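Engineer: The lines below spell out each chain.
There are 2 protein chains.
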Amino acid sequence: MSSERLIYLPLGGAGEIGMNAYVYGYGPKDNERFILVDLGVTFPDMDTTPGVDLIMPDIAWLEERKNQLEAIIVTHAHEDHVGAVGHLYNRLGAPIYARAFTAAIARHKVAEYGIHEGAVRTVSAWPEQIDLGPFKVGFVPLSHSIPESSALVIDTPAGRIFHSGDFKIDATPVVGEPFDAEMLAEIGASGVRALMCDSTNVFSTAQGRSEATLKPNLEELIRSQKGMVVATTFASNIARLQSLAEAGQAAGRSICLLGRAMRRMVETAVTTGILTNFPTTIPAEDAVSIPRDNLMLIVTGSQGERRAATAQLAQGKYLGLTMKEGDTFLFSSKTIPGNERGVIRIMNQFSEMGVDVVDDAGGLYHVSGHANRPDLMTMHDLIKPQMLVPMHGEHRHLREHAKLATERGYQGIVAVNGMMIDLTGDQPKVAEYIETGRTYLDGSVQIGAMDGIVRDRIRMALNGHVTVTVILDEEDDPLGEPWCELKGLPEIGRSGAPLADVLEEDLSQFIGRAGAKTLTDDDALEEGLRRVARKTALDEIGKKPEVTVVISRLA
Amino acid sequence: MSSERLIYLPLGGAGEIGMNAYVYGYGPKDNERFILVDLGVTFPDMDTTPGVDLIMPDIAWLEERKNQLEAIIVTHAHEDHVGAVGHLYNRLGAPIYARAFTAAIARHKVAEYGIHEGAVRTVSAWPEQIDLGPFKVGFVPLSHSIPESSALVIDTPAGRIFHSGDFKIDATPVVGEPFDAEMLAEIGASGVRALMCDSTNVFSTAQGRSEATLKPNLEELIRSQKGMVVATTFASNIARLQSLAEAGQAAGRSICLLGRAMRRMVETAVTTGILTNFPTTIPAEDAVSIPRDNLMLIVTGSQGERRAATAQLAQGKYLGLTMKEGDTFLFSSKTIPGNERGVIRIMNQFSEMGVDVVDDAGGLYHVSGHANRPDLMTMHDLIKPQMLVPMHGEHRHLREHAKLATERGYQGIVAVNGMMIDLTGDQPKVAEYIETGRTYLDGSVQIGAMDGIVRDRIRMALNGHVTVTVILDEEDDPLGEPWCELKGLPEIGRSGAPLADVLEEDLSQFIGRAGAKTLTDDDALEEGLRRVARKTALDEIGKKPEVTVVISRLA
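Going down the list, the sequences are from chains A and B.
The numbering of the first sequence is the working numbering, which starts it at 1 and goes up by one.
The numbering of the second sequence is the working numbering, which starts it at 1 and goes up by one.
In case anyone wonders, no lab produced these hints; they're calculated from the structure.
None of the values given here were measured: they were computed from a predicted structure.
In silico DSS-like cross-links for lysine-lysine, where the CA-CA straight-line distance does not exceed 27 Å:
#, chain 1, residue 1, chain 2, residue 2
1, A, Lys226, A, Lys334
2, A, Lys403, B, Lys324
3, A, Lys403, B, Lys334
4, A, Lys384, A, Lys403
5, B, Lys324, A, Lys429
6, A, Lys136, A, Lys29
7, B, Lys136, B, Lys429
8, A, Lys334, B, Lys334
9, B, Lys403, A, Lys334
10, B, Lys226, A, Lys403
11, A, Lys226, B, Lys403
Anything over 10 Å on all C-beta distances counts as not near chain B; from chain A, calculated:
#, residue
12, Lys66
13, Gln68
14, Ala94
15, Tyr113
16, His116
17, Arg307
18, Asp360
19, Gly409
20, Asp477
21, Asp506
22, Thr518
If you want the footprint, here are the derived chain A segments under chain B, 3+ residues with CB under 8 Å:
#, segment
23, 340-348
24, 389-397
25, 443-451
26, 465-472
27, 483-492
Glycine included, each C-beta is placed from N, C-alpha and C at the ideal position.
All chains should be built: construct the whole structure from the sequences, respecting the hints.
Structural biologist: As structure tokens, then:
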């Protein structure tokens with residue numbers, strides 16, 4: 001038996017929907033050659049990551065082995081697959097491979113870090129394959145909600161892997177290649193050792209619907225409105241942009257795209273030849289002078305993002321355009337769990353303006369980009385893998401998908417981030433557990449999720465902050481009284497006196513009682529002052545604030 | 001024409017789902033007598049109210065007129081209707097009226113503030129009415145998800161008001177009085193000037209389903225499980241607790257209730273005679289020794305609340321009970337928008353344990369407690385009001401409900417918090433705009449939403465915090481260097497040097513350059529130091545932190 005092994009190691013995406021990053025390795029143990037499939041981001045929230053700009057997989061393990069890394073492969077241009085290539089490129093240094101449109105988006109990302117565009121290499125679709133060390137990789141077109149979404153055929157000396165990427169089964173996807181069952185069946189017939197498969201919609205029991213089913217609904221809706229129509233969807237959902245724009249045009253309206261991300265996506269899609277028949281659009285400055293009933297805006301911000309066009313329209317105006325009574329706002333989108341509050345806030349703002357809000361509650365104006373449960377089963381049966389490894393899902397999705405696979409006679413395994421799976425034998429088996437986690441882009445700095453920085457920010461948000469300053473003279477005697485500054489705390493507590501005064505009084509008493517041993521020891525003094533401040537605040541306001549103590553000693 | 005007027009003024013609940021508080025007044029302008037219907041809370045979130053414990057309506061307007069207030073009336077015992085009676089009682093001082101069970105819950109609330117239980121008076125149901133100044137108020141039993149939910153008939157010299165409270169149309173509500181269309185039709189036939197109506201489910205187009213439809217589904221589910229079954233729902237959803245317990249019992253399992261709020265609700269319902277046939281339950285200490293397939297737990301925490309039983313079971317154990325592979329966890333509930341992340345986190349924790357999670361995705365294990373759109377129409381037509389004022393809803397719900405009413409021939413009006421509506425004439429009209437808002441219970445202190453306290457906490461969460469201390473001697477010369485302490489910020493920035501060092505260096509240079517005019521002026525010096533600290537941090541880490549400057553002058 002060979003001592004070489006074929007391994008799979010998710011660093012992101014297996015345990016969450018977001019920040020996809022999957023490592024494949026082949027070679028002698030601990031001396032494999034690697035490829036990394038996708039390098040995406042996920043988005044922060046106030047609950048767990050306040051102030052963070054982006055969340056990326058922790059790639060430390062791979063960085064330590066960067067000389068073994070052949071390539072970074074990007075399956076498609078969604079942020080959760082390509083979003084981190086700019087931020088992390090310099091730590092890995094391997095060339096990036098993607099199809100034309102995806103490569104163009106990746107080049108924008110690396111260019112922001114001043115990285116030469118030659119770092120990103122454009123590849124052709126299957127049946128072409130590129131040689132990357134022991135791997136031969138082919139990009140297999142699949143339908144999804146963005147053009148060029150590709151599964152990967154990864155041929156290795158230990159057999160063929162089929163990495164699905166993100167996909168749905170759509171024979172009429174409006175933009176991009178239709179689902180080609182015949183081609184997949186051929187790939188499957190050649191013998192596939194392992195299928196790594198999208199799990200996003202494993203809990204959706206109905207068969208998926210085609211993007212093409214939306215246009216008649218959209219057209220009917222838009223046609224029946226008397227005021228301006230504004231629609232939002234993901235900037236990167238190019239098929240939807242096409243559906244919306246075509247429906248608007250058919251309803252006799254001029255189309256205007258608002259939002260930088262959306263305009264860039266469409267421009268890139270046109271430039272790379274993906275979009276050939278996108279309806280003519282007009283710039284915002286022209287839109288203002290078009291009668292409202294002849295105008296349709298397609299805008300960013302379907303998830304309630306505070307700075308996007310939707311939120312700005314809900315608050316008043318955007319680029320001189322305003323919404324008013326009798327207008328219609330359409331969410332041609334699904335609200336991602338966690339974004340509900342923001343989206344609902346916007347719906348209510350529109351309601352206050354008298355704008356009618358339409359969403360997908362009735363199932364007419366949105367279809368998912370991911371394969372539903374029956375469609376996953378179709379994929380399994382086309383590829384007929386020896387092993388099935390669910391990916392692109394939270395734990396519950398991976399577990400459900402593995403159960404589904406096992407019930408249907410495939411060898412399913414739940415592999416989460418950090419679990420290195422050896423695919424070489426008859427059965428997938430866990431080879432090793434790798435320490436993984438999350439890296440935050442915080443302002444311009446990369447910090448670790450466990451560094452305690454964000455934890456301190458959360459604590460200040462929950463508990464407020466007190467600064468205590470004390471000055472000691474050359475003899476370690478206090479010079480004047482301790483001084484307190486509050487931030488994020490009520491001024492007056494239970495006693496009716498200003499909280500700062502009560503704190504200063506108690507801290508002063510503490511210092512008065514403190515012996516020389518405490519007064520000469522910064523750590524002991526700081527700890528004592530903090531303890532008293534927290535205790536007093538708890539009595540006064542029912543909260544224990546975060547405390548920064550500054551002890552100054554006159555030399 | 002009389003100079004007396006009948007007014008309606010929502011202080012909470014009309015513009016959100018939560019913190020209900022509706023004022024009715026009758027009498028000469030500015031000298032009316034008032035009743036307050038409900039005094040509820042709503043719940044904080046990290047996005048907008050980090051560290052806040054509860055959110056309540058701002059009752060300042062009514063407090064200023066407390067001598068005109070006859071009574072506080074509580075329609076039912078849900079937190080969004082009764083939750084603030086303890087916290088705000090002393091500011092209003094009027095007696096609280098409610099039916100027996102609701103009154104018992106209200107007494108628990110005021111008792112926490114040491115208020116005598118005589119403050120809460122128990123009333124009987126319609127057709128009895130109580131005299132409250134110019135008002136005669138009757139409590140009309142309606143079906144909802146908690147017993148004793150009551151609409152109010154409010155008779156005034158200017159006519160009859162029907163205030164729906166929370167309701168659904170349910171002929172078989174399992175616990176509590178069934179919906180009595182005949183009684184409502186009688187009330188309607190007597191002539192109703194205004195219907196104030198629940199709007200929660202105005203966007204739900206299907207007819208509502210009865211609580212009684214659930215038991216067979218629940219029983220079938222529970223019976224088919226091999227391990228322990230744990231179900232969660234709202235602690236106050238007593239009908240659901242009954243449905244779950246009956247289904248569990250029918251499936252041959254011992255029932256154990258976990259979670260303080262749930263036990264208190266059931267105990268109070270039993271004590272007040274509302275629950276007469278609740279299945280026997282066993283205490284947690286007995287449950288641990290019962291075979292898993294004979295045991296069912298009913299637990300708090302359906303919304304993912306961090307300290308509730310569900311979250312604790314998901315993290316390991318609760319009162320000695322643990323879940324494991326083969327067990328089933330049922331969410332017999334709907335996730336309230338905004339709570340998705342917390343609920344999903346728990347689902348994934350259970351998935352990691354091998355616990356099967358079942359929710360209401362298939363519509364089998366939960367029904368809403370509120371009237372859907374067709375049921376609202378039924379209510380309108382039973383009461384046949386001259387005017388219809390939607391309440392208990394966000395703006396979009398109120399607007400949609402008013403549109404629905406108007407389309408169907410009623411005079412609908414959107415009245416949001418702070419909008420005083422004169423109901424005396426032929427049409428509802430806005431009499432005045434009152435300043436309203438939100439009061440936060442923050443630890444043990446009540447603070448205003450606009451006080452800036454929470455805003456500062458949010459800023460620290462987003463931007464981190466720097467403390468800058470400077471000591472100046474008797475001649476206003478700096479003594480030593482400025483000192484910086486960071487909280488919630490990365491230690492190292494772009495330059496590779498510690499951020500604190502870079503800040504201190506730049507601040508030191510600023511002080512060195514500062515003239516006497518700045519050094520002698522605390523405000524100018526503080527402002528300058530803050531500006532430099534923020535600018536340097538922006539360069540180093542791409543963030544502008546919150547800055548507390550402490551300037552100490554040696555006297």
